[in-house]
Structure formats: structure tokens, C-alpha cells
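Knowing the structure of chain A, use the given hints to seat chain B on it.
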Amino acid sequence: MIIQRIYKSSFVEKLKVNVKNSVDLEKYFEDISPFTDEETYVNPEIEVPKEIRLHLPGSRNDFEFENSKIIFEAYKNLNPTKATDIRLWTYLTHRTFWQYMRKRRPVEQQPKEKLPDYILNHWFINSLSTSNLLRNDISLLWWCSYMTYDKNRKDPYELTSEVFTMLDYTRHLLPGFQGRHNTFLRSLLEFVIENKGIFQEHKEGKVRLLMRKSNYIAGYRIIPTYTGAELKSLFASFIPEIRTVTGR
Amino acid sequence: MKINNLSLPHPVLGVNDDVQQYSFKMVLFVDLQQDFITIRTQAHLDNPTLIKLINNGIAAYCVEVECPQTFFRETYLLVKPENDIRIESCRLRNKVNLAFYIVAIKKISDYQIVGANEDYGKHTFDIEKGDVLAFGGSPFFYAHKDWQSLKAVKSFMDIEKSNEENGPMHITLSNEKIIVSLSPKDYERFFFYQETDALAPVFHSSIVLPTLIYAIHEMVASQTEHEGTDWYSCLDFMRRQDEKLKKFNWGDFSQIPIIAQTILDNPINRMLTSMAELYKQGASEE
Numbered sequence: 024m025i026i027q028r029i030y031k032s033s034f035v036e037k038l039k040v041n042v043k044n045s046v047d048l049e050k051y052f053e054d055i056s057p058f059t060d061e062e063t064y065v066n067p068e069i070e071v072p073k074e075i076r077l078h079l080p081g082s083r084n085d086f087e088f089e090n091s092k093i094i095f096e097a098y099k100n101l102n103p104t105k106a107t108d109i110r111l112w113t114y115l116t117h118r119t120f121w122q123y124m125r126k127r128r129p130v131e132q133q134p135k136e137k138l139p140d141y142i143l144n145h146w147f148i149n150s151l152s153t154s155n156l157l158r159n160d161i162s163l164l165w166w167c168s169y170m171t172y173d174k175n176r177k178d179p180y181e182l183t184s185e186v187f188t189m190l191d192y193t194r195h196l197l198p199g200f201q202g203r204h205n206t207f208l209r210s211l212l213e214f215v216i217e218n219k220g221i222f223q224e225h226k227e228g229k230v231r232l233l234m235r236k237s238n239y240i241a242g243y244r245i246i247p248t249y250t251g252a253e254l255k256s257l258f259a260s261f262i263p264e265i266r267t268v269t270g271r
Numbered sequence: 008m009k010i011n012n013l014s015l016p017h018p019v020l021g022v023n024d025d026v027q028q029y030s031f032k033m034v035l036f037v038d039l040q041q042d043f044i045t046i047r048t049q050a051h052l053d054n055p056t057l058i059k060l061i062n063n064g065i066a067a068y069c070v071e072v073e074c075p076q077t078f079f080r081e082t083y084l085l086v087k088p089e090n091d092i093r094i095e096s097c098r099l100r101n102k103v104n105l106a107f108y109i110v111a112i113k114k115i116s117d118y119q120i121v122g123a124n125e126d127y128g129k130h131t132f133d134i135e136k137g138d139v140l141a142f143g144g145s146p147f148f149y150a151h152k153d154w155q156s157l158k159a160v161k162s163f164m165d166i167e168k169s170n171e172e173n174g175p176m177h178i179t180l181s182n183e184k185i186i187v188s189l190s191p192k193d194y195e196r197f198f199f200y201q202e203t204d205a206l207a208p209v210f211h212s213s214i215v216l217p218t219l220i221y222a223i224h225e226m227v228a229s230q231t232e233h234e235g236t237d238w239y240s241c242l243d244f245m246r247r248q249d250e251k252l253k254k255f256n257w258g259d260f261s262q263i264p265i266i267a268q269t270i271l272d273n274p275i276n277r278m279l280t281s282m283a284e285l286y287k288q289g290a291s292e293e
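Taken in order, these protein sequences are the chains called A and B. Sequential numbering from 24 applies to the first sequence in this note's numbering. Sequential numbering from 8 applies to the second sequence in this note's numbering.
Keep in mind the hints are simulated off the structure, nothing from the lab. Among the hints, a few may not be true.
Far from chain B, by Cβ distances over 10 Å, these chain A residues were calculated [what the hints assert, rightly or not]:
id : residue
1  : E74
2  : S152
3  : R231
4  : A259
Keeping only pairs whose Cα atoms sit at most 30 Å apart, straight-line, the calculated DSS-like set for lysine-lysine is [as the list claims (entries may be wrong)]:
id : chain 1 : residue 1 : chain 2 : residue 2
5  : B       : K102      : A       : K105
6  : B       : K87       : A       : K255
7  : A       : K255      : B       : K168
8  : A       : K105      : B       : K287
9  : B       : K136      : A       : K255
10 : A       : K50       : B       : K102
11 : A       : K255      : B       : K114
12 : B       : K168      : A       : K43
13 : A       : K43       : B       : K102
14 : A       : K236      : B       : K168
15 : B       : K113      : A       : K236
16 : A       : K105      : B       : K168
17 : B       : K102      : A       : K99
18 : B       : K136      : A       : K219
19 : B       : K87       : A       : K236
20 : A       : K137      : A       : K73
Covered by chain A, per the in silico footprint, the following chain B stretches (three or more residues, Cβ under 8 Å) [stated by the list, open to error]:
id : stretch
21 : 26-39
22 : 66-73
23 : 137-143
24 : 178-189
25 : 229-238
26 : 242-256
Using N, Cα and C, we set each Cβ at its ideal position, and we do this for glycine too.
Looking at chain A on its own, in the form it has when it is part of the complex:
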């Protein structure tokens, strides 16, 4: 085990300013990380394995679910406050997991004018928010497991697996106000898993409808007062309408 390094705040800000001003963007095209450990601290409260190997994304599979488990297991002693440290995630994207980032977010495919925002969204955490924590590609892996890992399930990562089946989960559900309530999040994911037949076709459109209907009711009722079973019963009441969805 080794002690985790994190970047200094001033260095993170300097890197961000460079990217915003399109300075040194060619560094993000390098196969090996051009950044060093020079502007770092060690954080003695975070111990990690000496080597952490992520599956490199290919043309058919990003391996986000598999890598989410690897990151969460490696950083299991992180707590939520430490996991909001922008300096940590910036260091991990720029140093430890550089090769993963290069494969996951190939900058070569981005038009020049969109490149700064693309890098800021995925290599950095532009400002601290739940949405931005899920846009950084390493932070995403940890937080998705953290929010869905359940040691009481036969497969503790069953809900994590579901989260990575659709972009809507990580873009809208998890960072959203309702999704942050853990009982609601888990109940919705369980409902989709337990009703595979209903969601087999047009899954995206149906899950979106489910989220929309739930958000509507949550707008005037405190649905976090519901138990998991009551929430699933509420979701079940939407089934007739869900079945009518034939598109996205």
C-alpha cells in the first residue's frame, strides 16, 4: 500500500486556466502523462494499493462497471467528504489513470473549439457539484459504486451494474435531487431490475418516463418518507403508462 498523492490547489487552478485559454492542450494528446508529481502533497489519510489496473476501453465496451468496482475497492477508505476533493480526482486523471483517460475520452475526436470544455468536463471538476463529480471519469467510477454498493445483496454490485446500463442514470438520476435520496435511488434501480420484461424494449424512454412521473409527484409530496416497498408500489402504478412507450 502507498499513501495517495494529490495536486496542490494552485496547480489545479493553473492547469484549468491553461485549458480554458487553450494553452498546452497538445499535452492531452500524449500517450504517456506529460505531468509530474512535482506540485503534489501526500494525503496520509488515504492509503491505496501500489498498483491499480483499470480495463482499457475498447470500441465495444468502456468497462465502466468493471472499473467502477476496481476503483471503489481500491479507494474503499475514502469517505464522502474526502471524495469531493477536486485535487484528488484531478491528480488521478492526469497521472495514475492517464492511459485510461486517453482511451475513454480520446481528444483526437473532438473539434478544436470544443476541446477545452471537453477536457475541463472529464479531466477536471470544474466547480464542485454532484453533476460535475459524475462528469469527471474517475470520480464517476467511485461515486456510482459508493451510492449503489449494498453488502446485504447476494451480489453487492448488482445495482451498480444497472447504473452503467444507461447514461440517464449518471447524468440525471444520481446527481438529481430525488436520486440523492438513497432509498429512492435503490428502489428505482431495483424496480427496473425486477421488471426486466417491461424494460427489455425501449428501456431509455421507459426509465425516463418513470423518472419524470416520480419527479412530478416529488414536486408536491415528500416521497422520501416512503419506504422502499411503498416507492416500488408507486412505480408499479405507472406500469400501464410505461408499457405504452415505444420510443426514446
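Just chain B, lined up with the frame of chain A:
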């Protein structure tokens, strides 16, 4: 749920004039410790309909706690008027939003509430579990480890060595702290003299004061850009808690230099006093 923007079909105590002559308030006290944060609530309710519903287990006090930065959102259903809610401090960071309600925890048929606005007439309502019956406000607090330590400059500002050999002082507003970067030579000298008490006012005036003026200006001029940062929450906490700082109009840019000097407890005066004493000491030694 932004309840003040809603027009619910049934009367809600604490929303507009739905229910008159009665009130629901929650007194809040937050105890910040290293491992746990305790949220102490004390409910003050005088509406007989709601008191009866709570006593009969049909309604409950509801405290919603939400931290936008850590994905934390929990709802606590409480039956006693006084309660302690304990949350691990590692689950909360910076601003924590609260909301106080009385909610139905069982279905209620033919609901009416004493004191309902006469516009409701003799109408009754069917209430579902989770429906809001009263709203007691939506305060917030900052989940820092120690509120007292926030007053110290070190809680929101750091001084570092830059890479520029002979460059000027730079100020960076990071997500955590305000960073002042000094050239290596300047930093060495600062590091050497920083423990000398007599020189502290000099550093406050020459380094901290201009930095703080800049940071407060940015805080006011670009609130949405900086609102989630740690240094912003420190200054915001001071603005709301410190009696001397509450008096200022923070939106008036001309007051910002005065605000900064108030936070630093009149650094110019302290610097000149200190310099005069150092000069006298030097003169008497000659």
C-alpha cells in the same frame, strides 16, 4: 421541494395565509464535532388539529437534510417535539440545507384543519402519505469542523511558494482556499519572519488585506462562480454570524475595503503601532 412556490389543494400551515392564527416553528441548534454533527431541533406547534394527528401517529415532524456537494439527502420522521439527529461529519461538506415540515404518515380522509382560511369553507380533503400539512422554514448551516476556527485567516487562506524566480505576488481563488503565491525569495523571507509576533500585522496589511479585498469583491461580483468553494462558505459564514460584519452592505463595492479591515481587526492601525514600537526599540538600542 420549494413549497412557497406551490399551491397545494389543501391548507398548509406556514404557507401564505392558508391557516391563520396558528404557527409552526422549528428552533435549530447545530453541534459540530470531529466525528459527528448533531442537529438539535425543537418544534413549537400550537395548532390543535396537527398536535392531535402527531399524538395519534397519523402525522409526524419531518426534517429534511440535504448536502448538495456530497450527494447526501435524508428525511427524518420524528414524533417528539425535541430531537437530536446525528450524522457522521464525513458525510457533509460546506452548505447543508434543511427543511422542516409536518407530513402525513398515513392516509387521512376528510381532512380539515382548525384555523383554515375561510376561503376553504367547509371543504374536506383526502390526504396521502407524504403530503405536507405544515412548513416550518428552510434554514441552512455550514458543516465546518469548528465554527470558531473559521474566524482565523488560515481557515480560508494559504501562502505558498511560486515557481517565478522574482515575480510578483499572485492570488488564486481555488475550490478550497484562497492561495497567495510568493516568489521563492519572498516566500523564504516570509517563512523566516512569520513566527515573529511583532511582524504579524505587517503581513496582515501587506499580504492578507489586499488578498481579502480581492476575494470579497469576487465573492460579491461572481457569486455563482464561487459559491460552492470552501473559502466562500467561510466568508459567508462570517458575514451571517459576526455582529460587526452583519451591519455592512456587502453588495456595495465601496464598503469592501472596510469589510476586509473589519475581518482583520484594523490591520493598518496594528501595523503602524507595531512599526512605531519596533522603531522605538531600534532607536533606544542605538
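Hint check results:
1. Every beta carbon of chain B lies more than 10 Å from that of E74 of chain A, the smallest distance being close to 27 Å; the non-interface claim holds.
2. Remark: the non-interface label on S152 of chain A conflicts with the geometry, its nearest Cβ contact in chain B lying 6 Å away (cut-off 10 Å).
3. At the 10 Å boundary, the C-beta of R231 of chain A stays outside the reach of chain B, the nearest C-beta of that chain being 21 Å off.
4. Listed as a non-interface residue, A259 of chain A keeps its Cβ farther than 10 Å from every Cβ of chain B; the least gap is roughly 16 Å.
5. In summary, the hint linking K102 of chain B to K105 of chain A is supported, as the alpha carbons are separated by about 16 Å, within the 30 Å threshold.
6. Using a Cα cut-off of 30 Å, the hinted pair K87 of chain B and K255 of chain A holds, with the two alpha carbons roughly 29 Å apart.
7. Only pairs whose Cα atoms come within 30 Å are accepted, and K255 of chain A paired with K168 of chain B is rejected, the gap being roughly 56 Å.
8. For the suggested pair K105 of chain A and K287 of chain B, the alpha carbons sit about 50 Å apart, so the restraint of at most 30 Å is broken.
9. Of the pairs offered as hints, the one joining K136 of chain B and K255 of chain A holds, with about 14 Å between alpha carbons and a cut-off of 30 Å not exceeded.
10. A distance of roughly 36 Å separates the Cα atoms of K50 of chain A and K102 of chain B; the hinted pair therefore is violated under the 30 Å criterion.
11. For the hint pairing K255 of chain A with K114 of chain B, the CA-to-CA distance comes to about 18 Å; that is within 30 Å, so the pair holds.
12. Our distance criterion of 30 Å between C-alpha atoms is met by K168 of chain B and K43 of chain A, whose separation comes to about 24 Å.
13. Among the hinted pairs, K43 of chain A with K102 of chain B is consistent with the structure: their alpha-carbon atoms are about 28 Å apart, no more than 30 Å.
14. Taking the CA atoms of K236 of chain A and K168 of chain B, the gap is about 54 Å. The hint is violated against a cut of 30 Å.
15. Straight-line distance between C-alpha atoms of K113 of chain B and K236 of chain A comes to about 22 Å, which keeps the hinted pair within the 30 Å bound.
16. Restraint check for K105 of chain A and K168 of chain B: the C-alpha separation of about 25 Å stays at or below 30 Å, so the hint holds.
17. Restraint check for K102 of chain B and K99 of chain A: satisfied, since their Cα atoms lie roughly 25 Å apart, inside the 30 Å limit.
18. Restraint check for K136 of chain B and K219 of chain A: satisfied, since their Cα atoms lie roughly 28 Å apart, inside the 30 Å limit.
19. For the hint pairing K87 of chain B with K236 of chain A, the CA-to-CA distance comes to about 33 Å; that exceeds 30 Å, so the pair is violated.
20. Note on K137 of chain A and K73 of chain A: the hinted pairing is violated, with a Cα-Cα distance of about 35 Å set against a maximum of 30 Å.
21. Given as covered by chain A, the stretch 26-39 of chain B fails the check, having 0 residues with a CB less than 8 Å from a CB of that chain where 3 are the minimum.
22. Evaluation of the coverage hint for the stretch 66-73 of chain B: fulfilled, as 3 residues show C-beta separations to chain A shorter than 8 Å, against a requirement of three.
23. Check on the stretch 137-143 of chain B: 3 of its residues sit with their Cβ under 8 Å from a Cβ of chain A, so the three-residue criterion for coverage holds.
24. For the stretch 178-189 of chain B, the assignment as covered by chain A holds, since 8 residues bring a beta-carbon within under 8 Å of that chain's beta-carbons and 3 suffice.
25. Counting residues of the stretch 229-238 of chain B whose CB lies closer than 8 Å to any CB of chain A gives 3, so the stated coverage by that chain holds, three being the minimum.
26. By the rule of at least three residues with a Cβ nearer than 8 Å to a Cβ of chain A, the coverage given for the stretch 242-256 of chain B is violated, with 0 such residues.
Consistency note: the structure conflicts with the earlier hints numbered 2, 7, 8, 10, 14, 19, 20, 21 and 26.
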